[in-house]
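Novice: Here's the letter readout for the chains.
There are 4 protein chains.
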Amino acid sequence: MNRVIRDPIHGYIEIDELITALLDTVEMQRLHRIKQLGFSYLVYPGANHTRFEHSLGTYHLINLILNRFTVRWEEEQELRVAALIHDVGHGPYSHVIEPVIMKYTGKCHEDIEDMLYRHTSDESSHIADVIDEYHLNRHEIMDYIKGEGKGAFSRILNGEIDVDKMDYLVRDSYYTGVAYGVVDNMRLIQGLDFIEDQMVITEKGILPAEYLLFSRFLMYPTVYNHHTTRIAQLMFARAVEYLIESSQSPRDYALTLRKMDDSEIDTTLRNAKGYPKEMITCINERRLFKRAFYTRVSSLDEHLVEELSDDARIKELELEISKRAGLDVGYLIMDCQRSMGELEESEARVFIQNEIIRLSEASELVKMLSKAFKESCMIGVYTPAKYRDAVRRAVEAVL
Amino acid sequence: MNRVIRDPIHGYIEIDELITALLDTVEMQRLHRIKQLGFSYLVYPGANHTRFEHSLGTYHLINLILNRFTVRWEEEQELRVAALIHDVGHGPYSHVIEPVIMKYTGKCHEDIEDMLYRHTSDESSHIADVIDEYHLNRHEIMDYIKGEGKGAFSRILNGEIDVDKMDYLVRDSYYTGVAYGVVDNMRLIQGLDFIEDQMVITEKGILPAEYLLFSRFLMYPTVYNHHTTRIAQLMFARAVEYLIESSQSPRDYALTLRKMDDSEIDTTLRNAKGYPKEMITCINERRLFKRAFYTRVSSLDEHLVEELSDDARIKELELEISKRAGLDVGYLIMDCQRSMGELEESEARVFIQNEIIRLSEASELVKMLSKAFKESCMIGVYTPAKYRDAVRRAVEAVL
Amino acid sequence: MNRVIRDPIHGYIEIDELITALLDTVEMQRLHRIKQLGFSYLVYPGANHTRFEHSLGTYHLINLILNRFTVRWEEEQELRVAALIHDVGHGPYSHVIEPVIMKYTGKCHEDIEDMLYRHTSDESSHIADVIDEYHLNRHEIMDYIKGEGKGAFSRILNGEIDVDKMDYLVRDSYYTGVAYGVVDNMRLIQGLDFIEDQMVITEKGILPAEYLLFSRFLMYPTVYNHHTTRIAQLMFARAVEYLIESSQSPRDYALTLRKMDDSEIDTTLRNAKGYPKEMITCINERRLFKRAFYTRVSSLDEHLVEELSDDARIKELELEISKRAGLDVGYLIMDCQRSMGELEESEARVFIQNEIIRLSEASELVKMLSKAFKESCMIGVYTPAKYRDAVRRAVEAVL
Amino acid sequence: MNRVIRDPIHGYIEIDELITALLDTVEMQRLHRIKQLGFSYLVYPGANHTRFEHSLGTYHLINLILNRFTVRWEEEQELRVAALIHDVGHGPYSHVIEPVIMKYTGKCHEDIEDMLYRHTSDESSHIADVIDEYHLNRHEIMDYIKGEGKGAFSRILNGEIDVDKMDYLVRDSYYTGVAYGVVDNMRLIQGLDFIEDQMVITEKGILPAEYLLFSRFLMYPTVYNHHTTRIAQLMFARAVEYLIESSQSPRDYALTLRKMDDSEIDTTLRNAKGYPKEMITCINERRLFKRAFYTRVSSLDEHLVEELSDDARIKELELEISKRAGLDVGYLIMDCQRSMGELEESEARVFIQNEIIRLSEASELVKMLSKAFKESCMIGVYTPAKYRDAVRRAVEAVL
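Protein chains in written order, with this note's numbering: chain G, 1 to 399; chain X, 1 to 399; chain E, 1 to 399; chain S, 1 to 399.
Keep in mind that a hint or two might mislead.
Simulated pairs of lysine-lysine, BS3-like, Cα-Cα distance not exceeding 25 Å [as the list claims (entries may be wrong)]: (1) G:Lys374 with E:Lys204; (2) E:Lys35 with S:Lys277; (3) G:Lys374 with E:Lys259; (4) X:Lys277 with G:Lys35; (5) X:Lys277 with X:Lys386; (6) X:Lys204 with S:Lys371; (7) S:Lys277 with X:Lys371; (8) S:Lys35 with E:Lys35; (9) G:Lys371 with E:Lys277; (10) E:Lys259 with S:Lys273; (11) G:Lys259 with G:Lys35; (12) S:Lys371 with X:Lys374; (13) X:Lys146 with X:Lys103; (14) E:Lys371 with E:Lys103; (15) G:Lys386 with G:Lys35; (16) S:Lys277 with S:Lys371; (17) E:Lys273 with S:Lys259; (18) S:Lys277 with S:Lys315; (19) E:Lys204 with G:Lys290; (20) S:Lys315 with E:Lys35; (21) E:Lys367 with G:Lys367; (22) S:Lys273 with X:Lys374; (23) X:Lys386 with X:Lys367; (24) S:Lys35 with E:Lys277; (25) X:Lys371 with S:Lys315; (26) X:Lys367 with G:Lys277; (27) S:Lys107 with S:Lys259; (28) E:Lys259 with S:Lys277; (29) G:Lys371 with G:Lys103; (30) G:Lys35 with X:Lys259; (31) S:Lys259 with E:Lys277; (32) G:Lys204 with E:Lys204; (33) S:Lys35 with E:Lys259; (34) X:Lys290 with S:Lys371; (35) S:Lys290 with S:Lys273; (36) X:Lys315 with X:Lys374; (37) E:Lys367 with E:Lys204; (38) X:Lys367 with S:Lys259; (39) G:Lys277 with G:Lys386; (40) G:Lys204 with E:Lys371.
It is worth saying that the hints were derived from the structure and are not from the lab.
Take the sequences, apply the hints, and build the full model.
Specialist: The structure is reproduced here in structure tokens:
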């Protein structure tokens, strides 16, 4: 008989021997020490959940889907494993500092593939050991994680509408206490089907899919892009960048940082001198930068909007405002959420009246939400409270 | 108008300027980095909640109670502050290593009183600053935290049935996903009254009070004393003890450790060599000691039960078994939960038929639970998996 | 001290003497016997909640709002009473048969005003008695119920965004088990304010208001207009119409029916002969008409859409199809949801950048939802299963 | 693919063709019109749930259990059917008037066995039709309902710890808003096993079983035996008794009443003259009898306790008090909960240390709860408010 693990979101999650073995590896256990939402706890004190529980939840949802269809045994195993380990390549405070790390390492997250091969001679158990023991196919697992696997389930883990999102929306909603993420996963799963070897949403699934999009739409301004969280994230990212820049071998150091967990990178910053130590102390004592300027990108002049689509230009503007306000580098942060991205769910395939079309074609609501989503990006300029007035004046002069 | 903070347990928590100022102090912010349940996440992956949110919840419950009675304004302020800050003296992994720390420092927790006076010249905000600014009475606050305050609310924060318990039972229950802690706090609060300047439970409050006791009774074996959590705690505590012993000034070092947060003490152990590093690595990789022996204390021979009531004797037995099994010190842990303690709720005062009596006199159930609670203590002997058989034989020979 | 009543939605609801007296009247107790959602239990077995609990919930929400503002004492009492009794004029299965009743009586619901004056000499307690005893102003109460009261709270009970909707969306969502109605009432209430003596939504309230609209948008197709529920409703309404038509004094009989509760009108239909008895038996045994035709109104030819905007024309079409399919009157029902109505929330006033505008102007999403809401109306033709094929052919010939 | 039905308690309940066919029978649909908790809505306005949803929930729980074991296909079908239909023999307001009905009919509930054979020539679908169509074994189904089936699952539907209780405790708890019934069904199910062809609780199941008992223990005084509900029930039962007594053929009339649903028996009482009409009107207008006397049976003199164990003697005492207070028959009700019964769960079998023993032997708590349960029976004397003082004096004189 299988063991069960309690989960506040999904109730009981059943695990078998393979999954138990994977949970007990070094790589999975590290996820206990990486918060799912980084600094969101500064706004929502309950948001302390980890990538470990999210991974379990993602695994559970794929199980529910696999139970509804006839799937080749090997494929089923690979999908379950892929769902469970899909986040092991994440660095600490992943969403926060990944862009900084990538500047130096040139690839996103740690290459999980390396990890799938890594053995050690010590007593620790690694994912690679379990994969060997159970004769699993590394390449297939890797492809599912990237959303490039074979067959109908190709994008179930990483695609338009995937189990990753389905877990994190509900989970983040639960722990923040924000009602908006209550996606109806069961109904969505009941509304999935496979046509011509691709996963599609049936008519029955359109409503829950619309709801999932709407949830994401509301979670962004309320949780993911809450300005207080953004400010802490950016202060932290700058501190990390400073640290990498001052190291002898930035690329190696960036790689080292990515392998840490949240507490290790915290300690590293605290043990550093100067700017990094100052930033982590400010965050830990909740003395955060304040908003000197904050508005919708879409409310700015058109020519400015265009300028802001260029990262280099943003850096220049930041520097210009800093100078005019008389500030040292690092005490003014310009944040342009241009990159908040798409509601990629709108590209999901829908099977309706014997045709496969895009969700955005099937649903006026979805088309509109995608548009509104892009338009809701904010631009902010953040600085310590005492410089706020000076910065405000400088922003007005420059923008 | 007051601000609100969302809390997954209580919904919305209202805070005014004073409370906001306190939340933004160094001392309160540190509680974001101390888990409420230490290593329980190893069994219940959702149990990552912190002392910060628990403190907010405790404050919220005292507010609900204060709203029901007419209380002097100063008293009300002191009680609200005391509830909010009652945990700031806790060390990292408090329940885990406090006994070890106390061996060297001689008092429980950091003396909060010191903290209430501590000012610094830096930009950080401290509790002492807020207390000065709002002209609050340090002594009264301190007394309420100790459960020795004046007046009817003397033990509302720290007593038989207090808001501390009322918050943590529900909160721990929620995050672990264990149903047992769903105390009916609203009904309990409705069942409180004040007679002759002491808080009593009225007839209406007896049922919810019985329920609270029963919750605690069930939460102990299921969560608080789950053997896996216990094992991780004890491995950690031994590592800390080793570290203190090897330091030049054990007392000072113990005091330093207590001021850390969870991640700082983790890092300290990892940076150490030898036994402490080994222990923290084992915990982080979930390679925990296993149970070689595990039974109810009450099922042992009477003379043995008596022996086990003596800490020094337990140490001796542990050593004896270690030797017989051929183990180095630190690789065998004997755990006798003798100290699991009382269900002190049974001593709460009940007002019934114009008389004030003890809850255990008013309720057969409570009397019985208190008895059963004491009898459910376990004794365990833990060791790495590979030594389990050897230890089992040694235990049989010695006990 | 006030009494409390438990409510699965809002937890504890406090009531004082006035409210207790009102709850114990004949008129309020009758609401225990009127289901909030009529025949929805045929699809959602949990949907058995009553107008009584909804009335209590509405009262509770207005209390939460009143607590946030300074309101004249009399106004506060009137608003609380109005919220509690706002539904007492409803007939049994209100939404189902009110249109039928109105054809004969000419006004919507029973005139609550009559009720506010009605005294009887018996032992029963009536709302009018309580109003006298507490010297409340009937006219003001009546005006608040109609959404025409004086002052800033004029439309809080019956307007664009009102406490009636705020309660029923969450309540209906809870009992049906449909996740979509989880409106964040607390955040919405925090986002209300009063400018120039009218209630407005502040910037902070826009998101929860959008969410409320979206909830209603999803609850319509999922719950309120679910085809199975619609079919049962229409069968029932036809049976009632038949009964009224065959009575000697249709107007008086319609008035009598409206004063009944759900079980009384059920029994009346069962005790009748012929068609009404047949219909109620079919509903009670779940032998419902089936859909012979079902599509979006907006998918039809334009000229047809225009025709369908005329009630008389719909009746003609129904007759024509019946004849062609060879059916007796009453065994074919044509249902055109043209009347599903507006999302009147979009007309709510928003205060933003020092201006008061409509919510639909402030929010692209709201504008779009209102449009999509109108376009989602369905047209259906329902008939007993055995006639389905014949009716299908007839519909194709006629439409 | 199976259909799903939403249930507020269990989420989604899967049903196949057989179950769908059963749900659509006359007998099952009638359960939509029978409230699970009778008059509890007078105290808990949310308690309007029906035996229909409870039946679905019971079916769902047995499914969860069957999924965990290998069961013969026929046995599985019979158990699923038995769980779904186990309540179809119940009369309206079952717990309220069954004792009265039985006085005249001599057997408990309608004989479901009759029902399993009853065919009609009309269009209605009956359980008997479905049983024929699917070639199910009537006797086996009947035996499972009675708790006398063959094999290991003999008492799973009707025994010490059964799925009936497991559903209703959680369901009643949910709709009343009383926290006490939150039984951990999943953990309990995980703790069941089969030894020597009988169902046993394993060590792992003891805690959740204790919890279930405790829940029942608390639900009795809080919900099931709440004095207001008891009073309404007894007023109703007396009205029904009066009606039966005045009929020409009491036995036949009692059988007719049992076949009704809640609304039919309500209407019957309202259409009667005199006492029955008065009682139902009082209940509907919430003008209930009040407590003139109310105490624990165990607090009375021993000789009185013995007298009260005799039903005839209670009737005599009631009459004596009535006379002394000058009341007509029917306006004074003496209610002795002597019959509240046992916590039969304590007799459940537990498999522990290779032995099968009773739960009450395995658990001190359970032994104690059973005892306390019996001792918590109340005795009450109820009468209209205006006679309360007179009755009080009469009670004092007589008891």
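Novice: Hint by hint, work out which the structure violates, then give me just those numbers in ascending order.
Specialist: 3, 7, 9, 14, 15, 16, 20, 22, 23, 25, 26, 29, 32, 34 and 38
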